[in-house]
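Trainee: Here is what each chain is made of, one letter per residue.
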Amino acid sequence: MKPALTSIARATVFGVLLTPFLAAPARAQLTIQITSGVTHPVPIAVVPFAEPASAGTDVSDVIQHDLTGSGRFSALARAQMPGTPTHAAQVQFPAWKGTGSDYVVVGRVKALGNGELAVDFNLLNILTGQSVARKRFTGPPSALRNAAHRASDVIYQAITGIRGAFDTRIAYVAVIGKGAAQRFQLVVADADGYNQHLILESRFPIMSPAWSPDGKWLAYVSFESHLSAVYVQRVRTGRRYRVSARAGENGAPVFSPGGRRLALTLSGVSGYPQIYVLDLHSQHLTRITHTPAINTEPDWAPDGQSIYFTSDRAGQPQIYRVGVEAGSSTQRITFTDDYNAGPHVSPDGKWLAMVTRADGGYRIAIQNLSTGQFKVLTSGPLDSTPSFAPNSAAIIYSRRSVQGDPGTLATISIDGLTGLTLKPSQGAVQDPVWGPFPPK
Amino acid sequence: MRRFLAVISLAAVLGLAACASKPVKPAASQSAVGAGAESSGAAGGANANEGSLGSQQSVAGPEQGLLADRTIHFSFDSAQIQGRGVDIVAAHAKYLAGHPAARVRLEGNTDDRGSPEYNIGLGMRRAESVRQAMLLQGVSANQITVVSYGMERPVDPANTPTAWAKNRRVDIVYLTPMQPAQ
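In order, the protein sequences belong to chains A and B. To convert, note that position 368 of the first sequence is 371 in the working numbering; the numbers rise steadily by one, no gaps. To convert, note that position 84 of the second sequence is 217 in the working numbering; the numbers rise steadily by one, no gaps.
Take these hints with a grain of salt, some might be off.
Unchecked claim - Covered stretches of chain A, as calculated for chain B (at least 3 residues, CB under 8 Å):
(1) 162–168
(2) 248–256
(3) 296–309
Simulated from the structure, these hints should not be mistaken for laboratory data. Quick reminder that beta carbons are idealized off the backbone N, C-alpha and C, glycines included.
With the hints as constraints, model all of the structure from the sequences given.
Mentor: In structure tokens form, the structure reads like this:
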């Protein structure tokens, strides 16, 4: 089990008081709504776990939300369950067959002598009566939700064959208040919106968070002192470094797959935004694009050999790919619609997600990088900043309505069939980026 | 093990980066720059407040005639200065050329549709258009800094064509008090 992330001591770095990973009570809470469902979800029953009253987290409820939120599962209502077994031996399979469920999950949370909790669960195939997966997680009570997400990951993978991404984190920007009272907050939370931690607060815009491949660092753009600068910040300690504060634009940072380099956008030399690669070790800066046009929003191909980016060199923003080696050629990637921007490559390298303008709205689309097949996934009207889950099965993005509602975060499965929204209790949330898998 | 090595190399990297980068300034000493700018970061996290947002609160600079107008508007997805914008830029360029000690920050902005970082680029192109026009009209390069806020700082947050038109703009922000003509 991962250590609790809330016990990090305060650290003062360069005179900035950094108290990361304290849960601040003023944070806007995110509430989850499932917006649609798939046609043939797998029916599953997640039986309430036996838990000590002090546990504080309904583990089976968290698992059920994870599974149904993925769109691949439908859950049996608790009132329809023929019993509440907590061990495999207590499951009366004939009765469970009558519920129409294919699988049943049973489990329990026990207090260990050392103050930690143990979560045991068993995933059973109702038709065969066999155990499909069982596992025990132990850890402090503060990590009980994480244990539930890890159980969801095991169940999801056992049934779908795809690695689950429930025990992952997202980073996003919250915008709270108006006018002089407006605050921008860089926040890290669990993928379901819980467990929020304030990373940075500013009265100036914060944009474009990006995770390092190991999940330990965030790069972002902050407009402190009126001008843009790119920072790299250690998530747990808050220690940060300003890695680019050149004249003009410093924007769109994204870590290379190896974590050693940062692709970013600078406008200083030519007055046109251009893609550069900054070696974080040597500080060496390599210019990648040279066209007198907007060139921005770099994202690395998973092999680190090429970069996808947005350019309006043909008059309208479209997505291109260029090799990072000197003298590499550039190919245009998108040809559908007259506005395609904000490219994000799926971790498996199969898909490119982007914002496309279709039917007058801005929507999330994906393009198959081998076949060129182009698919609009969302209905707009103001969707942006797509970011893939580490298992490439879903995308998180920013969404606003024309009626002027504050921004929300939303997810969509890459088949376009299932989504969730994460609505803040106050203010707006935007610019979400999905973090990597946790270390195994 | 591979992951572990990658972590070490990044840590080493950033150790060097720390030497090469300017230290981040302390937030506390900066919060006095703008009225009511004290940080609200007591809850935790790094605090990045420094002064006020110029275009909202700046009152420095000349006010006569066209000089009172500090905003140049643009068409959708365009960085071309048109119509009244040409006259506003010319008026400020003439003033700046005659007042070499005056300094401006050109803040490019877009409407709030589309991709945020692309809009940063578009706002930068708008600010650059104004900068280039001013340089051609005799303003010194060292009098001008440019920044793009893209879609992050709309003057009208509504999602209507009227609001979008208002938000596609470059704001001219004077950074120094008015200087006597030379």
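Trainee: Are the hints correct? Go through all of them and say.
Mentor: Against the structure, the hints come out as follows:
1. Counting residues of the stretch 162–168 of chain A whose CB lies closer than 8 Å to any CB of chain B gives 0, which falls below the minimum of 3, so the coverage claim is violated.
2. Given as covered by chain B, the stretch 248–256 of chain A passes the check, having 6 residues with a CB less than 8 Å from a CB of that chain where 3 are the minimum.
3. Remark: the stretch 296–309 of chain A is confirmed as covered by chain B, as 4 of its residues place a Cβ nearer than 8 Å to a Cβ of that chain, reaching the required three.
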